[in-house]
Every structure is written in C-alpha cells, then in structure tokens.
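Protein chains in written order, with the UniProt record's numbering: chain C, 1 to 249; chain F, 1 to 260.
No wet-lab data here; the hints were simulated from the structure.
Just so you know, not all the hints are guaranteed correct.
[Claimed, not checked] Partner residues are not named here, just some residues of chain C that face chain F (Cβ under 10 Å, in silico):
1) I67
2) H68
3) R222
4) Q223
[Claimed, not checked] If you want a taste of the chain C side facing chain F, the calculated C-beta under 7 Å gives, among others:
5) S69
6) Q170
7) K226
[Said to hold, decoys possible] Pairwise CB distance ranges (calculated):
8) C/N221 / F/Y40: 53 to 63 Å
9) F/D171 / C/S101: 54 to 64 Å
10) F/F169 / C/Y126: 51 to 61 Å
11) C/Y158 / F/E229: 37 to 47 Å
12) C/A82 / F/G117: 43 to 53 Å
Positions of the beta carbon are idealized from the N, C-alpha and C atoms, including for glycine.
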Amino acid sequence: MSSIGTGYDLSVTTFSPDGRVFQIEYAAKAVDNSGTVVGIKCKDGIVIGVEKLIASKMMLPGSNRRIHSVHRHSGMGVAGLAADGRQIVARAKSEAHNYESTYGEPIPIKELAERVASYVHLCTLYWWLRPFGSGVILGGYDRDGPQLYMVEPSGVSYRYFGAAIGKGRQAAKTEIEKLKLSDMTCRQGVIEVAKIIYGVHDEAKDKTFELEMSWVCDESNRQHQKVPEALLEEAKAAAKAALEEMDAD
Amino acid sequence: MPSEQKLGSAIVDTVFANMVSSQNESSLLSSEGDSQRTQYPYVTGTSVIGIKYKDGILMAADMGGSYGSTIRYKSVERLKQVGKHSLIGASGEISDFQEILRYLDELILHDSMWDDGNSLGPKEVHNYLTRVLYNRRNKFDPLWNSLVLGGVKNGQKYLGSVSMIGVHFEDDHVATGFGNHLARPILREEWREDLTFEEGVKLLEKCMRNLLYRDRSAVNKLQIAKITEEGLTISQPYSLKTFWNFAAFKNPTVGAEGSW
C-alpha cells in the first residue's frame with residue numbers, strides 16, 4: 001500500500017525514517033500504470049510481449065515500438081515513460097557495442113543486465129538526476145542459452161523464467177505460473193503470451209491496444225526480431241478465441 | 001597499387017616537407033600530440049576484379065598478403081559479405097580493411113536493429129564507404145585501400161569501386177590496382193550483359209591468370225564470390241592452371257652463351 005511520504009519524498013537523496021526512498025517508489029508507480037509487458041523463457045528461447053495501449057486512433061499500427069533490439073542476440077521490452085525507456089535502450093545498445101569492441105564477442109546477457117541495472121541505479125543516487133520512470137524486460141540468447149532479466153527503476157535486476165510489469169502484472173504472473181515453460185518451444189510460447197496479454201487487458205478501463213511481440217530463439221537463428229507476421233496473426237486469433245471461450249462460461 | 005602508392009606518398013611527402021619547414025604552424029596541420037597518419041601500407045592485397053553478369057555480381061581476388069616484396073600471407077580472405085545484399089572486395093592495407101569491416105559491421109548492426117523490414121543495399125554501402133574514405137583522405141590519414149562493392153537488391157544489380165582518396169565509380173566491370181591495367185582491357189572486349197555464371201567465371205579466371213603471370217604480388221590461390229538476389233556464396237580457395245611451355249623459354253641461353 002502506498003503511504004504519503006510528506007517531507008521525505010522531495011528528493012531521491014532523502015531517506016524516510018522507515019528506510020524508504022519515496023522518489024524511487026513513485027518512479028515505480030509510473031511503470032505500474034503503463035501497459036503490461038510480459039516476458040517468458042521457453043526451452044529454446046525468449047518471448048517478449050507488450051500490451052501497447054493506443055492513445056489515439058490517428059496512430060499508425062506498428063509505430064511507437066515498445067520492444068527494441070539491443071544487439072543481434074538480445075532485446076528489451078519497455079514499460080513506463082516511453083522517453084525514459086528510450087534512454088535505457090540507447091544506453092544498453094552502447095554498452096553492448098563497447099563490450100563487443102573490446103572483447104570481440106557479443107555481450108553476455110548477464111553482463112548486459114548488470115550494466116543496465118547499474119545505469120538505472122546511478123540515476124537514483126544524485127539529487128540533480130531523477131530516477132527513470134520505466135522498467136525493462138531484457139531477453140537474450142548467448143553461450144549459456146536463453147536468459148530473461150528484469151530491471152526496475154530502483155536499479156534492481158533479477159533473472160527470471162517469467163516476468164511481467166505494468167498494469168496487468170499480477171494477473172499476468174498468475175497466468176505465467178500456470179505454464180510449463182521448460183517443455184514449451186517459443187512457437188508455443190508466442191501463442192501463450194498473446195493469450196495472457198489479451199487476457200489481462202481491461203476492456204472497461206482502457207481503450208484499444210496493439211499487441212507487439214518479439215522473440216529470440218533457435219528458430220530465429222538466435223537473433224532478436226519481431227515475431228513473424230504469420231505467427232503473430234495465429235497468436236492473436238488463438239488469444240481472441242480463448243477470450244471468447246472464457247466469456248461464454 | 002604501385003601507382004597509388006606513389007601518388008599517396010607524393011601527397012604525404014609534400015605535406016611532410018611543409019611541416020618540417022614551418023614548425024611553428026605545424027599545430028595547424030597535425031592534431032594534438034603525435035599526428036597519426038598512414039604513411040605507407042605494410043601488408044597489402046593485390047587486385048580485385050568485379051563484373052556484373054546475368055543473375056548478379058561476380059568478384060574475384062587472390063588470397064595473398066604481401067609484406068613489401070615478400071609474399072607473407074597466403075590465406076587472406078579479401079572478399080567478405082556485408083549485410084544481406086552486398087559483397088566487398090579489398091586491395092591495399094589488410095589491417096585497414098579489417099577496420100573497414102568493423103565499421104561496416106556496426107553499420108549493418110544498427111540498420112538491422114531498427115527491425116523495420118528494410119536493409120541497406122549495395123548502393124548505400126558504397127556511398128557510406130566513399131564518405132568514410134574521402135573524409136579520412138581529407139585528414140591526411142587515409143585508409144589505404146581500394147575497394148570493390150557489389151550486390152543485388154530488389155532485382156537491381158549494383159557494382160562500384162572506391163579508392164583510398166575517395167574516387168568512386170560505378171560500372172559493369174571494375175577492378176583495383178593492377179587489375180585496372182591488365183584485367184579491364186580484357187573485360188572491355190569480352191564482357192557482355194547476359195553472361196551466364198559459367199561464362200563469367202571463365203572470364204574472371206582469364207583475367208586472374210593474366211594477373212598471375214604479370215603481377216609480382218599475385219599468388220596462385222584465389223576465391224571467386226557470387227552474389228545474386230537469392231544470396232551470396234564465396235568459393236573455396238583454388239588454383240589456376242598456368243602455362244609456361246612457350247618456345248621462348250626453351251633453351252633460353254641459345255643466343256647468349258654463358259648466361260643462365
């Protein structure tokens with residue numbers, strides 16, 4: 001539950017008496033109020049899906065990408081303030097590039113997650129900076145196989161086999177826990193992620209949304225890319241069908 | 001290559017002379033501290049030849065890396081893929097070629113990260129290389145290469161070349177270095193728009209054989225690369241058959257007793 005941090009919430013360099021930094025918690029609220037982002041680790045790769053809430057009917061579908069490639073082998077889905085998210089992605093791209101320049105191999109996902117988390121954390125240490133109002137779900141495929149990380153505005157980063165941020169994260173996490181991810185291929189995972197996102201989307205509260213999905217798996221040659229059109233359509237159809245089934249009950 | 005080297009060193013020599021004679025103004029010509037400029041190349045590749053043919057582009061280059069007059073490396077791959085649609089062949093300083101490959105890798109990576117269904121074609125890559133080489137030349141710190149860039153995108157064939165001073169051409173057949181003098185006359189006579197793959201390879205082999213006979217830095221181990229709309233293949237290295245059984249080589253000392 002949120003509490004008012006009167007007086008202790010004016011600066012990110014102020015602790016409250018009970019040891020909280022309110023500015024960081026407020027930043028997290030920006031993430032909580034945004035469209036859901038879901039990531040799962042299947043046996044042969046990662047699937048990331050975003051519930052892209054459409055602010056205006058004038059927007060062209062496919063614009064305002066929420067999932068960005070960070071390098072050939074990795075990508076991140078962004079939730080929260082879009083502009084803040086863009087900066088995080090830019091920094092991740094730069095880190096990945098520098099690593100490869102120096103060490104001659106693509107950046108290990110663990111290393112990339114650490115660097116992104118460090119950078120996000122950095123912006124919570126100085127009063128003249130503000131924390132990022134966005135969290136990212138970072139997925140990639142390196143020598144140690146597919147890996148999924150999540151970085152929050154506080155700079156905290158953990159490795160997951162299933163993660164969700166944004167409005168529908170509680171419901172999404174419940175759904176993810178029901179899945180048997182270790183037996184699933186990414187092909188199947190794409191369908192499941194679509195079902196989850198369609199499932200957690202609140203028709204009453206929010207306007208329409210666009211489903212954006214990407215994957216990095218054996219089938220995509222370990223490259224991070226948008227899920228192919230055909231499969232995306234198949235996933236959307238399956239998700240809509242599943243919704244109708246639920247409504248029929 | 002030697003003609004380029006002379007031109008390059010002529011440019012460098014005049015600049016150097018100016019620098020030495022006007023020490024006070026040297027800071028205008030050099031960057032802070034020690035100025036880094038390529039004075040002359042160390043390990044070099046010789047000619048590259050490229051031709052358009054019916055289905056796309058064919059390119060040939062041998063696998064030699066010369067260290068001055070020594071043929072030091074004999075397995076240098078001088079033909080490389082660039083993105084989905086292009087093929088680059090390089091002559092000149094091998095380390096500068098490796099640097100160019102790094103620039104191209106970054107270029108292609110950033111282009112692919114947009115994930116928007118588009119990718120850079122040979123025309124764009126050629127333009128990029130021209131800008132890079134020309135700007136380095138203006139700073140008197142050239143990347144000491146002559147490059148051939150070819151590819152096919154959306155059915156359009158493209159073949160161009162760019163030199164270390166930024167001079168760029170686009171044509172149906174191009175070559176670098178000695179290839180310009182020995183291969184292109186052959187190509188001007190025998191090249192046709194509708195060459196088949198086999199005819200194209202035979203034509204390139206004819207040019208490469210000529211270069212093998214006449215270019216001191218050529219080695220008899222070459223690769224031929226083919227790029228079409230479908231994709232790119234670079235052949236395994238192989239050698240050309242050469243013919244030395246000329247009458248003039250038999251009994252060479254017949255007119256000059258005592259020589260060998």
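Status of the hints after comparison with the structure:
Interface hint at C/I67: satisfied, since its Cβ lies 9 Å from the closest Cβ of chain F, which is below the 10 Å cut-off. Interface restraint check: C/H68 against chain F, minimum CB-CB distance 7 Å, threshold 10 Å, status holds. The interface hint given for C/R222 is broken, as the beta carbon of that residue sits about 13 Å from the closest beta carbon of chain F, more than 10 Å. A hinted interface residue such as C/Q223 counts as satisfied when its beta carbon comes closer than 10 Å to some beta carbon of chain F; here the least separation is about 8 Å, so the hint holds.
At a threshold of 7 Å, the smallest CB-CB gap from C/S69 to chain F is about 4 Å, leaving the interface hint in force. The closest approach between the C-beta of C/Q170 and any C-beta of chain F is roughly 30 Å, which is over the 7 Å cut-off, so the hint fails. With 7 Å as the threshold, the beta carbon of C/K226 comes within range of chain F, its nearest partner Cβ sitting at about 6 Å, so the hint holds. For C/N221 paired with F/Y40, a C-beta distance near 42 Å fails the hint of 53 to 63 Å.
For F/D171 and C/S101, the hinted distance range of 54 to 64 Å is not satisfied, since their beta carbons lie about 35 Å from each other. Look at F/F169 against C/Y126: about 54 Å separates their beta carbons, and that is inside 51 to 61 Å. A hinted range of 37 to 47 Å holds for the C-beta pair C/Y158 and F/E229, which are about 46 Å apart. Evaluation of the 43 to 53 Å hint for C/A82 and F/G117 yields a failure: the beta carbon distance comes to about 22 Å.
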